[in-house]
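Enquirer: Using the sequences plus the hints, can you model the full thing?
Offset between the sequence shown (1-based) and our numbering: plus 16.
It cannot be assumed that every hint is accurate.
[Said to hold, decoys possible] In silico DSSO-like links for lysine-lysine, alpha-carbon gap of 30 Å or less:
{"no.": "1", "residue 1": "K140", "residue 2": "K89"}
{"no.": "2", "residue 1": "K140", "residue 2": "K211"}
{"no.": "3", "residue 1": "K103", "residue 2": "K140"}
[Stated by the list, open to error] Quick list of simulated restraints, FRET-style, between CB atoms:
{"no.": "4", "residue 1": "T38", "residue 2": "S198", "range": "52 to 60 Å"}
{"no.": "5", "residue 1": "G139", "residue 2": "G209", "range": "27 to 35 Å"}
{"no.": "6", "residue 1": "G66", "residue 2": "K105", "range": "34 to 42 Å"}
{"no.": "7", "residue 1": "T38", "residue 2": "T186", "range": "49 to 57 Å"}
{"no.": "8", "residue 1": "D81", "residue 2": "H157", "range": "13 to 21 Å"}
{"no.": "9", "residue 1": "T177", "residue 2": "T86", "range": "48 to 56 Å"}
{"no.": "10", "residue 1": "D81", "residue 2": "S182", "range": "18 to 26 Å"}
{"no.": "11", "residue 1": "E110", "residue 2": "S79", "range": "17 to 25 Å"}
{"no.": "12", "residue 1": "S196", "residue 2": "P107", "range": "25 to 33 Å"}
{"no.": "13", "residue 1": "A206", "residue 2": "G170", "range": "29 to 37 Å"}
{"no.": "14", "residue 1": "G66", "residue 2": "S121", "range": "32 to 40 Å"}
{"no.": "15", "residue 1": "G63", "residue 2": "D199", "range": "18 to 26 Å"}
{"no.": "16", "residue 1": "S198", "residue 2": "E106", "range": "39 to 47 Å"}
These are computed hints drawn from the structure, not numbers from a lab. Think of the CB as a built atom: it goes at the ideal place given N, C-alpha and C, for glycine as much as any other residue.
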Amino acid sequence: MTKRKQEDRNVKKSRTGANRNTLILAALLIGLVGYWAITQIGDGAGGYPGLVEGVFYPDPAVSTDGGRVTVPKQFIEENRLVFIDVKLKEPTEELVYQGRTIPLSLYGEGEYLPLIIISTPKGKVLTGIRVCEPCGSFSFHVVERKYLQCDACGTRWNIETLQGVSGGCTRYPPPALAASTSDVVEISIAPTGLKAQA
Numbered sequence: 017m018t019k020r021k022q023e024d025r026n027v028k029k030s031r032t033g034a035n036r037n038t039l040i041l042a043a044l045l046i047g048l049v050g051y052w053a054i055t056q057i058g059d060g061a062g063g064y065p066g067l068v069e070g071v072f073y074p075d076p077a078v079s080t081d082g083g084r085v086t087v088p089k090q091f092i093e094e095n096r097l098v099f100i101d102v103k104l105k106e107p108t109e110e111l112v113y114q115g116r117t118i119p120l121s122l123y124g125e126g127e128y129l130p131l132i133i134i135s136t137p138k139g140k141v142l143t144g145i146r147v148c149e150p151c152g153s154f155s156f157h158v159v160e161r162k163y164l165q166c167d168a169c170g171t172r173w174n175i176e177t178l179q180g181v182s183g184g185c186t187r188y189p190p191p192a193l194a195a196s197t198s199d200v201v202e203i204s205i206a207p208t209g210l211k212a213q214a
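Expert: Below, the structure is given as structure tokens:
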């Protein structure tokens, strides 16, 4: 074999090897980008942040009978986790609701009913009383796009169902309150027996 043929063969081998390495590198890069995209989107959570802190809505509309509280749906969709302090007509030490005793005296000396509204990654709107009563907490945040987490004890509930996932208070998610949704979210507090100050 001549020296020229040997050099041509070596050049072809090096080109083939370089092309193969480029293809392998490109396939790995595409795989990594695909994996990253899937983990960022999750189960319908595209655009839903991994960490959501609660935002207070300062001035909810209260019905004249004090049994309903209204918040614009757009505010809820923009903030995803909304806290409302409903000024009560009459302060109360505790609230017995759905078989649970909620120590309202620990929050604003019983002058307020703390509410929570959650806009979930799947588009549901959940409403309830903002409490984890075994640990005396009235504060939560959303983690990993899928859990509501108590700020005091770290208990986690599935954000779509409020079923307990981990922690010491899994049987105590925020007690649900009925709500109707249109361009506003109207929460009924009448079942609690409490009345909001109109």
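Enquirer: Against each hint, give a clear statement of whether it holds in the structure.
Expert: To see whether the hints hold, each was checked on the structure:
no.	hint	in the structure
1	K140 <-> K89	holds, 12 Å
2	K140 <-> K211	holds, 26 Å
3	K103 <-> K140	holds, 26 Å
4	T38 <-> S198: 52 to 60 Å	holds, 56 Å
5	G139 <-> G209: 27 to 35 Å	holds, 31 Å
6	G66 <-> K105: 34 to 42 Å	holds, 39 Å
7	T38 <-> T186: 49 to 57 Å	holds, 51 Å
8	D81 <-> H157: 13 to 21 Å	violated, 33 Å
9	T177 <-> T86: 48 to 56 Å	violated, 25 Å
10	D81 <-> S182: 18 to 26 Å	violated, 40 Å
11	E110 <-> S79: 17 to 25 Å	holds, 24 Å
12	S196 <-> P107: 25 to 33 Å	holds, 28 Å
13	A206 <-> G170: 29 to 37 Å	holds, 33 Å
14	G66 <-> S121: 32 to 40 Å	holds, 35 Å
15	G63 <-> D199: 18 to 26 Å	holds, 21 Å
16	S198 <-> E106: 39 to 47 Å	violated, 30 Å
The earlier numbered hints that this structure contradicts are 8, 9, 10 and 16.
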